[in-house]
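S.K.: Sequence:
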Amino acid sequence: MVAFATFFQGKMTGVEITCIQSFLDHGHDIEIFAYDNCGAPSHFKVIDAARILKRRNLFYYKSGPGRGSVAGFTNRFRYALMAVADVCWVDSDVICLSKDWPDLRTPICAAWEDSERVGNAVLRMVPSLAAEARDLAAAMGTDLKWGQAGPELMTQIVRSNNLSADVLARPAFYPIHYGEWAKVFAPDAKEEICAATRSSHALHLWNEMGRREKFDKTRLPDRNSYFGALVECHQTMKYFRVERQQVYRNAFS
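Taken in order, the sequence shown gives residues 1 to 253; the numbers are from UniProt numbering.
Check the hints yourself; a few may be wrong.
Claimed, not checked - Here are the computed lysine-lysine pairs in the DSSO-like style, where the Cα-Cα straight-line distance is at most 27 Å:
| no. | residue 1 | residue 2 |
| --- | --- | --- |
| 1 | 190 | 214 |
| 2 | 99 | 62 |
| 3 | 238 | 217 |
| 4 | 145 | 62 |
| 5 | 145 | 214 |
| 6 | 62 | 11 |
| 7 | 62 | 214 |
| 8 | 99 | 54 |
| 9 | 45 | 62 |
| 10 | 190 | 45 |
| 11 | 238 | 54 |
| 12 | 190 | 54 |
| 13 | 145 | 190 |
| 14 | 214 | 238 |
| 15 | 145 | 99 |
| 16 | 238 | 145 |
| 17 | 99 | 238 |
| 18 | 145 | 11 |
| 19 | 99 | 214 |
| 20 | 214 | 54 |
| 21 | 11 | 238 |
| 22 | 238 | 62 |
| 23 | 45 | 238 |
Because the hints were derived from the structure by calculation, they are not lab data.
Taking the hints into account, I'd like the entire structure generated from these sequences.
M.R.: Spelled out as C-alpha coordinates, the structure:
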(Lines of atoms letter the chains of each structure in order from A and count residues from 1; the text may use other names and numbers.)
(Lines give C-alpha, C1' and ligand atoms only; values in the text may rest on other atoms or scores of the structure.)
Protein backbone atom coordinates (compact mmCIF):
# COMPACT_ATOMS: atom_id res chain seq x y z
CA MET A 1 0.00 0.00 0.00
CA VAL A 2 1.34 3.42 -0.97
CA ALA A 3 1.85 5.73 2.00
CA PHE A 4 0.76 9.36 2.06
CA ALA A 5 2.99 12.31 2.87
CA THR A 6 2.67 16.03 3.52
CA PHE A 7 4.75 19.03 4.60
CA PHE A 8 4.02 21.56 7.30
CA GLN A 9 5.79 24.76 8.35
CA GLY A 10 4.74 26.47 11.58
CA LYS A 11 2.39 25.17 14.27
CA MET A 12 -0.51 22.92 13.35
CA THR A 13 -4.05 23.93 14.24
CA GLY A 14 -7.01 21.66 14.74
CA VAL A 15 -7.77 21.90 11.03
CA GLU A 16 -4.50 20.28 9.95
CA ILE A 17 -4.63 17.77 12.80
CA THR A 18 -8.15 16.74 11.76
CA CYS A 19 -6.98 16.31 8.18
CA ILE A 20 -4.02 14.11 9.15
CA GLN A 21 -6.16 12.11 11.58
CA SER A 22 -8.70 11.43 8.84
CA PHE A 23 -6.08 9.48 6.87
CA LEU A 24 -5.12 7.43 9.92
CA ASP A 25 -8.75 6.71 10.75
CA HIS A 26 -9.33 5.39 7.24
CA GLY A 27 -6.42 2.97 7.65
CA HIS A 28 -3.75 4.86 5.70
CA ASP A 29 -0.16 5.58 6.70
CA ILE A 30 0.84 9.25 6.50
CA GLU A 31 4.12 11.03 7.19
CA ILE A 32 4.56 14.72 7.99
CA PHE A 33 7.74 16.42 6.83
CA ALA A 34 8.73 19.49 8.86
CA TYR A 35 11.85 21.50 9.69
CA ASP A 36 10.79 22.36 13.23
CA ASN A 37 8.48 21.15 15.96
CA CYS A 38 5.14 21.60 14.20
CA GLY A 39 2.98 20.81 17.20
CA ALA A 40 1.85 17.45 15.84
CA PRO A 41 0.26 15.01 18.30
CA SER A 42 2.68 12.36 19.57
CA HIS A 43 1.04 9.58 17.56
CA PHE A 44 1.72 11.37 14.25
CA LYS A 45 4.87 10.40 12.34
CA VAL A 46 7.06 13.46 11.75
CA ILE A 47 10.21 13.35 9.59
CA ASP A 48 12.95 15.95 9.21
CA ALA A 49 12.23 17.79 5.95
CA ALA A 50 15.97 18.42 5.52
CA ARG A 51 16.26 14.82 4.36
CA ILE A 52 14.56 15.92 1.14
CA LEU A 53 15.50 19.61 0.77
CA LYS A 54 17.88 21.55 3.00
CA ARG A 55 16.30 24.30 5.04
CA ARG A 56 18.17 26.96 3.05
CA ASN A 57 15.79 26.18 0.17
CA LEU A 58 12.75 27.29 2.19
CA PHE A 59 11.03 30.40 0.81
CA TYR A 60 7.72 32.26 0.94
CA TYR A 61 5.78 34.15 -1.71
CA LYS A 62 7.15 37.69 -1.86
CA SER A 63 4.21 39.52 -3.41
CA GLY A 64 0.66 39.24 -4.66
CA PRO A 65 -2.32 37.76 -2.80
CA GLY A 66 -0.22 34.79 -1.67
CA ARG A 67 2.44 36.94 -0.03
CA GLY A 68 3.79 35.25 3.10
CA SER A 69 2.54 31.79 2.12
CA VAL A 70 4.93 28.81 2.03
CA ALA A 71 2.89 27.14 -0.73
CA GLY A 72 5.42 27.95 -3.46
CA PHE A 73 8.12 26.06 -1.60
CA THR A 74 5.72 23.25 -0.78
CA ASN A 75 5.15 22.75 -4.52
CA ARG A 76 8.86 22.22 -5.02
CA PHE A 77 9.13 19.99 -1.96
CA ARG A 78 6.46 17.53 -3.12
CA TYR A 79 8.14 17.00 -6.48
CA ALA A 80 11.54 16.46 -4.85
CA LEU A 81 10.00 13.97 -2.43
CA MET A 82 8.18 11.95 -5.07
CA ALA A 83 11.33 11.80 -7.18
CA VAL A 84 12.98 9.69 -4.46
CA ALA A 85 10.12 8.13 -2.46
CA ASP A 86 7.09 6.03 -3.33
CA VAL A 87 4.42 8.20 -1.71
CA CYS A 88 1.19 9.94 -2.58
CA TRP A 89 1.32 13.61 -1.71
CA VAL A 90 -1.52 15.38 0.08
CA ASP A 91 -1.56 18.98 1.26
CA SER A 92 -2.07 19.39 4.99
CA ASP A 93 -5.55 20.81 4.34
CA VAL A 94 -6.87 17.70 2.60
CA ILE A 95 -9.47 15.55 4.36
CA CYS A 96 -9.51 11.83 3.60
CA LEU A 97 -13.03 10.54 2.95
CA SER A 98 -12.40 6.92 2.03
CA LYS A 99 -10.28 3.87 2.73
CA ASP A 100 -10.60 2.96 -0.96
CA TRP A 101 -8.53 5.10 -3.31
CA PRO A 102 -7.84 5.07 -7.06
CA ASP A 103 -4.91 3.03 -8.35
CA LEU A 104 -1.90 4.91 -7.00
CA ARG A 105 0.57 2.95 -9.11
CA THR A 106 -0.38 4.52 -12.42
CA PRO A 107 2.07 7.05 -13.94
CA ILE A 108 0.06 9.83 -12.34
CA CYS A 109 -2.77 10.10 -9.85
CA ALA A 110 -4.28 13.59 -9.90
CA ALA A 111 -7.60 15.31 -10.58
CA TRP A 112 -8.76 18.41 -12.38
CA GLU A 113 -9.34 21.23 -9.90
CA ASP A 114 -11.40 23.08 -12.49
CA SER A 115 -12.04 22.78 -16.22
CA GLU A 116 -8.59 24.07 -17.16
CA ARG A 117 -6.11 23.10 -14.45
CA VAL A 118 -4.81 19.92 -12.87
CA GLY A 119 -4.66 20.21 -9.10
CA ASN A 120 -1.62 19.15 -7.12
CA ALA A 121 -3.02 19.14 -3.57
CA VAL A 122 -3.43 15.38 -4.00
CA LEU A 123 -0.78 13.95 -6.28
CA ARG A 124 1.28 10.90 -7.05
CA MET A 125 3.73 10.62 -9.93
CA VAL A 126 6.26 8.04 -10.99
CA PRO A 127 9.83 9.20 -10.22
CA SER A 128 10.61 10.26 -13.79
CA LEU A 129 7.62 12.63 -13.91
CA ALA A 130 8.34 13.91 -10.40
CA ALA A 131 11.96 14.61 -11.35
CA GLU A 132 10.77 16.54 -14.40
CA ALA A 133 8.45 18.63 -12.20
CA ARG A 134 11.19 19.11 -9.59
CA ASP A 135 13.68 20.42 -12.14
CA LEU A 136 11.18 22.71 -13.85
CA ALA A 137 10.01 24.13 -10.51
CA ALA A 138 13.59 24.71 -9.35
CA ALA A 139 14.39 26.55 -12.59
CA MET A 140 11.57 29.01 -11.85
CA GLY A 141 13.41 30.34 -8.80
CA THR A 142 11.63 31.85 -5.82
CA ASP A 143 10.03 34.99 -7.26
CA LEU A 144 6.86 33.22 -8.34
CA LYS A 145 3.26 34.13 -8.95
CA TRP A 146 0.55 32.11 -7.23
CA GLY A 147 0.08 28.65 -8.76
CA GLN A 148 2.99 28.98 -11.19
CA ALA A 149 4.90 25.99 -9.79
CA GLY A 150 1.69 24.26 -8.73
CA PRO A 151 -1.40 23.65 -10.87
CA GLU A 152 0.01 25.60 -13.83
CA LEU A 153 3.15 23.48 -13.94
CA MET A 154 1.20 20.31 -13.26
CA THR A 155 -1.15 21.02 -16.16
CA GLN A 156 1.84 21.68 -18.43
CA ILE A 157 3.45 18.35 -17.49
CA VAL A 158 0.22 16.40 -17.94
CA ARG A 159 -0.37 17.82 -21.40
CA SER A 160 3.23 17.53 -22.60
CA ASN A 161 3.28 13.86 -21.55
CA ASN A 162 -0.16 13.11 -23.04
CA LEU A 163 -1.61 12.16 -19.67
CA SER A 164 -4.82 14.21 -19.73
CA ALA A 165 -6.97 11.10 -20.09
CA ASP A 166 -5.47 9.69 -16.88
CA VAL A 167 -6.44 12.69 -14.75
CA LEU A 168 -9.49 12.05 -12.58
CA ALA A 169 -12.64 14.14 -12.67
CA ARG A 170 -12.83 17.08 -10.25
CA PRO A 171 -15.11 15.41 -7.64
CA ALA A 172 -12.40 12.85 -6.80
CA PHE A 173 -10.40 15.37 -4.75
CA TYR A 174 -11.88 18.84 -5.40
CA PRO A 175 -15.66 18.51 -5.04
CA ILE A 176 -15.88 22.06 -3.66
CA HIS A 177 -14.61 24.96 -5.77
CA TYR A 178 -12.11 27.25 -4.06
CA GLY A 179 -14.57 30.11 -4.41
CA GLU A 180 -16.95 28.23 -2.10
CA TRP A 181 -14.38 27.12 0.49
CA ALA A 182 -16.33 28.58 3.43
CA LYS A 183 -19.34 26.35 2.80
CA VAL A 184 -17.49 23.49 4.47
CA PHE A 185 -17.68 25.47 7.74
CA ALA A 186 -21.23 26.80 7.28
CA PRO A 187 -24.09 24.96 9.07
CA ASP A 188 -26.63 25.85 6.40
CA ALA A 189 -24.46 24.28 3.68
CA LYS A 190 -23.86 20.92 5.34
CA GLU A 191 -26.30 18.93 3.21
CA GLU A 192 -24.95 20.52 0.05
CA ILE A 193 -21.39 19.51 0.96
CA CYS A 194 -22.51 16.00 1.89
CA ALA A 195 -24.10 15.61 -1.54
CA ALA A 196 -21.08 17.06 -3.35
CA THR A 197 -18.61 14.74 -1.61
CA ARG A 198 -20.63 11.53 -1.87
CA SER A 199 -18.30 9.97 -4.46
CA SER A 200 -15.11 11.77 -3.39
CA HIS A 201 -11.95 10.15 -2.07
CA ALA A 202 -10.77 13.38 -0.48
CA LEU A 203 -11.77 17.00 0.03
CA HIS A 204 -9.37 19.90 -0.40
CA LEU A 205 -10.25 22.64 2.11
CA TRP A 206 -8.50 25.46 0.21
CA ASN A 207 -6.61 26.77 3.25
CA GLU A 208 -5.13 29.64 1.26
CA MET A 209 -8.56 31.13 0.67
CA GLY A 210 -9.20 31.10 4.40
CA ARG A 211 -5.79 32.62 5.09
CA ARG A 212 -6.59 35.55 2.82
CA GLU A 213 -9.93 36.03 4.58
CA LYS A 214 -8.23 35.79 8.02
CA PHE A 215 -10.27 32.72 8.91
CA ASP A 216 -9.36 31.57 12.43
CA LYS A 217 -8.50 27.87 12.21
CA THR A 218 -7.89 27.60 15.95
CA ARG A 219 -11.58 27.97 16.88
CA LEU A 220 -13.80 24.94 17.30
CA PRO A 221 -16.05 24.77 14.22
CA ASP A 222 -19.81 24.71 14.48
CA ARG A 223 -20.81 21.10 15.15
CA ASN A 224 -23.69 21.46 12.68
CA SER A 225 -21.34 22.25 9.81
CA TYR A 226 -19.77 19.63 7.55
CA PHE A 227 -16.32 20.21 9.01
CA GLY A 228 -17.71 20.31 12.53
CA ALA A 229 -19.14 16.83 11.96
CA LEU A 230 -15.72 15.66 10.75
CA VAL A 231 -14.07 17.03 13.88
CA GLU A 232 -16.46 15.01 16.02
CA CYS A 233 -16.02 11.93 13.83
CA HIS A 234 -12.23 12.02 14.15
CA GLN A 235 -12.31 13.10 17.81
CA THR A 236 -10.08 16.14 17.36
CA MET A 237 -12.13 18.66 19.35
CA LYS A 238 -9.39 19.09 21.97
CA TYR A 239 -7.08 20.66 19.39
CA PHE A 240 -9.39 23.67 18.94
CA ARG A 241 -10.23 26.65 21.14
CA VAL A 242 -13.81 26.80 22.39
CA GLU A 243 -14.96 30.37 21.78
CA ARG A 244 -17.68 32.20 19.93
CA GLN A 245 -17.87 30.35 16.66
CA GLN A 246 -17.32 31.85 13.26
CA VAL A 247 -20.55 32.00 11.31
CA TYR A 248 -20.89 31.71 7.54
CA ARG A 249 -24.66 31.42 7.49
CA ASN A 250 -26.24 32.86 4.32
CA ALA A 251 -22.83 33.81 2.99
CA PHE A 252 -23.65 32.37 -0.42
CA SER A 253 -27.24 33.44 -0.94
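S.K.: Now, for every hint given, state plainly whether the structure supports it.
M.R.: Against the structure, the hints:
Proposed proximity of residue 190 and residue 214 is supported: the alpha carbons are some 22 Å apart, at most 27 Å. Distance restraint check for residue 99 and residue 62: the Cα-Cα separation of roughly 38 Å exceeds the 27 Å cut-off, and the hinted pair is therefore not satisfied. Among the hinted pairs, residue 238 with residue 217 is consistent with the structure: their alpha-carbon atoms are about 13 Å apart, no more than 27 Å. Of the pairs offered as hints, the one joining residue 145 and residue 62 holds, with about 9 Å between alpha carbons and a cut-off of 27 Å not exceeded.
About 21 Å separates the Cα atoms of residue 145 and residue 214, which keeps this hinted pair within 27 Å; it holds. The straight-line distance between the Cα atoms of residue 62 and residue 11 is roughly 21 Å, inside the 27 Å bound, and the hint therefore holds. At most 27 Å may separate the alpha-carbon atoms for a hinted pair to count; residue 62 and residue 214 meet this at roughly 18 Å. For the hint linking residue 99 to residue 54, the alpha-carbon distance of about 33 Å lies beyond 27 Å, and the restraint is violated.
Straight-line distance between C-alpha atoms of residue 45 and residue 62 comes to about 31 Å, which puts the hinted pair past the 27 Å bound. For the proposed pair residue 190 and residue 45, the alpha carbon gap of about 31 Å is over 27 Å, so the pair is violated. Annotation: proposed proximity of residue 238 to residue 54 is violated, straight-line Cα distance about 33 Å (limit 27 Å). For the proposed pair residue 190 and residue 54, the alpha carbon gap of about 42 Å is over 27 Å, so the pair is violated.
Only pairs whose Cα atoms come within 27 Å are accepted, and residue 145 paired with residue 190 is rejected, the gap being roughly 33 Å. Distance restraint check for residue 214 and residue 238: the Cα-Cα separation of roughly 22 Å lies within the 27 Å cut-off, and the hinted pair is therefore satisfied. Note on residue 145 and residue 99: the hinted pairing is violated, with a Cα-Cα distance of about 35 Å set against a maximum of 27 Å. Our distance criterion of 27 Å between C-alpha atoms is broken by residue 238 and residue 145, whose separation comes to about 37 Å.
About 25 Å separates the Cα atoms of residue 99 and residue 238, which keeps this hinted pair within 27 Å; it holds. The hinted pair formed by residue 145 and residue 11 meets the criterion: a straight-line CA distance of about 25 Å does not exceed 27 Å. Under the criterion of a C-alpha separation no larger than 27 Å, the hint pairing residue 99 with residue 214 is inconsistent with the structure, at around 32 Å. For the suggested pair residue 214 and residue 54, the alpha carbons sit about 30 Å apart, so the restraint of at most 27 Å is broken.
For the hint linking residue 11 to residue 238, the alpha-carbon distance of about 15 Å falls within 27 Å, and the restraint holds. Using a Cα cut-off of 27 Å, the hinted pair residue 238 and residue 62 is violated, with the two alpha carbons roughly 34 Å apart. For the hint linking residue 45 to residue 238, the alpha-carbon distance of about 19 Å falls within 27 Å, and the restraint holds.
Figure legend: structure checked against the earlier numbered hints; hints not met, in rising order: 2, 8, 9, 10, 11, 12, 13, 15, 16, 19, 20 and 22.
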